[in-house]
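Q: Residues per chain, in single letters:
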Amino acid sequence: SQQGEEDPQALSIQEGENATMNCSYKTSINNLQWYRQNSGRGLVHLILIRSNEREKHSGRLRVTLDTSKKSSSLLITASRAADTASYFCAPYHYTGANSKLTFGKGITLSVRP
Amino acid sequence: GAVVSQHPSWVICKSGTSVKIECRSLDFQATTMFWYRQFPKQSLMLMATSNEGSKATYEQGVEKDKFLINHASLTLSTLTVTSAHPEDSSFYICSASIQGFMTDTQYFGPGTRLTVL
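If you read the sequences in order, they're chains Y and C. Residues 1 to 113 (our numbering) are what the first sequence spells out, left to right. Residues 1 to 117 (our numbering) are what the second sequence spells out, left to right.
Simulated from the structure, these hints should not be mistaken for lab results. Among the clues, some could well be false.
[Said to hold, decoys possible] Straight-line C-alpha distance at most 30 Å; calculated DSS-like pairs for lysine-lysine:
#1 Lys56(Y) to Lys100(Y)
#2 Lys41(C) to Lys100(Y)
#3 Lys105(Y) to Lys66(C)
#4 Lys64(C) to Lys70(Y)
#5 Lys105(Y) to Lys20(C)
#6 Lys41(C) to Lys105(Y)
#7 Lys20(C) to Lys66(C)
#8 Lys55(C) to Lys70(Y)
#9 Lys26(Y) to Lys69(Y)
#10 Lys26(Y) to Lys41(C)
#11 Lys55(C) to Lys20(C)
#12 Lys56(Y) to Lys14(C)
#13 Lys100(Y) to Lys66(C)
#14 Lys69(Y) to Lys56(Y)
#15 Lys26(Y) to Lys20(C)
#16 Lys64(C) to Lys100(Y)
#17 Lys105(Y) to Lys69(Y)
#18 Lys105(Y) to Lys26(Y)
#19 Lys70(Y) to Lys66(C)
#20 Lys69(Y) to Lys100(Y)
#21 Lys41(C) to Lys66(C)
#22 Lys41(C) to Lys56(Y)
#23 Lys56(Y) to Lys105(Y)
#24 Lys69(Y) to Lys41(C)
[What the hints assert, rightly or not] Derived coverage of chain Y by chain C (criterion: at least 3 residues anywhere in the stretch with Cβ under 8 Å from a Cβ of chain C; other residues may be distant):
#25 72-80
#26 87-96
A quick note: this is a predicted structure, and the numbers were derived from the prediction, not measured. Idealized CB from N, CA, C, for every residue including glycine.
Construct the entire structure; sequences and hints are all you get.
A: Okay, structure coming up:
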């Protein structure tokens, strides 16, 4: 299965601190993506990192990918209360038409004001 | 850009009735749309993948006669939950990928909360 497994399951930090979330997967991938879901809402695409990339930045987000360890991490710097949400990683392996994303159980991030 | 809408955002129905959920790509053409369901504090479970003009591909364990999917145009896909029962109560989310691109980046709708009494 190419499902990602996020770690930890839950994370609680103080506003202003950094949040680090990890993802491991088992198969080869073309890219790995991170999504955010606010309570009761759909998913928002945060960032995509390709298999030939090691690190990528987008605003306060920093994603790393280690294909030798089949792992990725998402770092949110200077967290804000508005970052409180569930975060999912989704490894993607292109297998032809209808290739799909498979989501793990996610990480529940709580940022205390 | 790349906005996906769902309608309704929530629905309550009686057991035995059918409910239709619409998923629209508002500013792009979507060759492929995906339907997921999500239980509280759980991950998204892919139910089916639909391509415009063809039959949907259902994931193992998903009853295609119960969850009817129609993808009539490049901007609209519908999911009909037939003869709904309380165990069908869930959060249903659709997503769409842009025509001509790989399906790696999906744009998600806001979800539909279905409650079956």
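Q: The structure should be examined with respect to each hint, and the outcome stated for every one.
A: Hints, verified against the model:
For a cut-off of 30 Å, the pair hint linking Lys56(Y) to Lys100(Y) stands: about 23 Å separates their Cα positions. Note on Lys41(C) and Lys100(Y): the hinted pairing holds, with a Cα-Cα distance of about 22 Å set against a maximum of 30 Å. Distance check on the hinted pair: Lys105(Y) and Lys66(C) sit about 25 Å apart at the alpha-carbon level, within 30 Å; holds. A threshold of 30 Å between alpha carbons decides the hint, and for Lys64(C) with Lys70(Y) the separation of about 34 Å lies outside it, so the pair is violated.
With a CA separation close to 27 Å, the supplied pair Lys105(Y) and Lys20(C) stays within the 30 Å bound. For the proposed pair Lys41(C) and Lys105(Y), the alpha carbon gap of about 8 Å is at most 30 Å, so the pair holds. With a C-alpha separation of about 12 Å, the suggested pairing of Lys20(C) with Lys66(C) holds against the 30 Å cut-off. Only pairs whose Cα atoms come within 30 Å are accepted, and Lys55(C) paired with Lys70(Y) is rejected, the gap being roughly 35 Å.
For the suggested pair Lys26(Y) and Lys69(Y), the alpha carbons sit about 9 Å apart, so the restraint of at most 30 Å is met. A distance of roughly 23 Å separates the Cα atoms of Lys26(Y) and Lys41(C); the hinted pair therefore holds under the 30 Å criterion. For the proposed pair Lys55(C) and Lys20(C), the alpha carbon gap of about 17 Å is at most 30 Å, so the pair holds. Taking the CA atoms of Lys56(Y) and Lys14(C), the gap is about 48 Å. The hint is violated against a cut of 30 Å.
Annotation: proposed proximity of Lys100(Y) to Lys66(C) holds, straight-line Cα distance about 22 Å (limit 30 Å). Between Lys69(Y) and Lys56(Y), the direct Cα distance comes to roughly 17 Å. Compliance with the 30 Å bound is thereby established for this hinted pair. Pair hint Lys26(Y) plus Lys20(C) does not hold up; C-alpha atoms about 37 Å apart against a cutoff of 30 Å. Restraint check for Lys64(C) and Lys100(Y): the C-alpha separation of about 18 Å stays at or below 30 Å, so the hint holds.
Note on Lys105(Y) and Lys69(Y): the hinted pairing holds, with a Cα-Cα distance of about 20 Å set against a maximum of 30 Å. Of the supplied pair hints, the one linking Lys105(Y) and Lys26(Y) holds, its CA atoms being roughly 15 Å apart against a limit of 30 Å. With a CA separation close to 37 Å, the supplied pair Lys70(Y) and Lys66(C) exceeds the 30 Å bound. For the hint linking Lys69(Y) to Lys100(Y), the alpha-carbon distance of about 22 Å falls within 30 Å, and the restraint holds.
A distance of roughly 24 Å separates the Cα atoms of Lys41(C) and Lys66(C); the hinted pair therefore holds under the 30 Å criterion. For the hint pairing Lys41(C) with Lys56(Y), the CA-to-CA distance comes to about 29 Å; that is within 30 Å, so the pair holds. Pair hint Lys56(Y) plus Lys105(Y) holds up; C-alpha atoms about 23 Å apart against a cutoff of 30 Å. Simply put, Lys69(Y) and Lys41(C) have alpha-carbon atoms about 28 Å apart, close enough for the 30 Å limit, and the pair holds.
With 0 residues having a Cβ less than 8 Å from any Cβ of chain C, the segment 72-80 of chain Y misses the three-residue criterion, and the hint is violated. Only residues whose C-beta sits within less than 8 Å of a C-beta in chain C count toward coverage, and the segment 87-96 of chain Y has 3 of them, enough to reach three; the restraint holds.
The structure is inconsistent with the numbered hints 4, 8, 12, 15, 19 and 25, although it conforms to all the rest.
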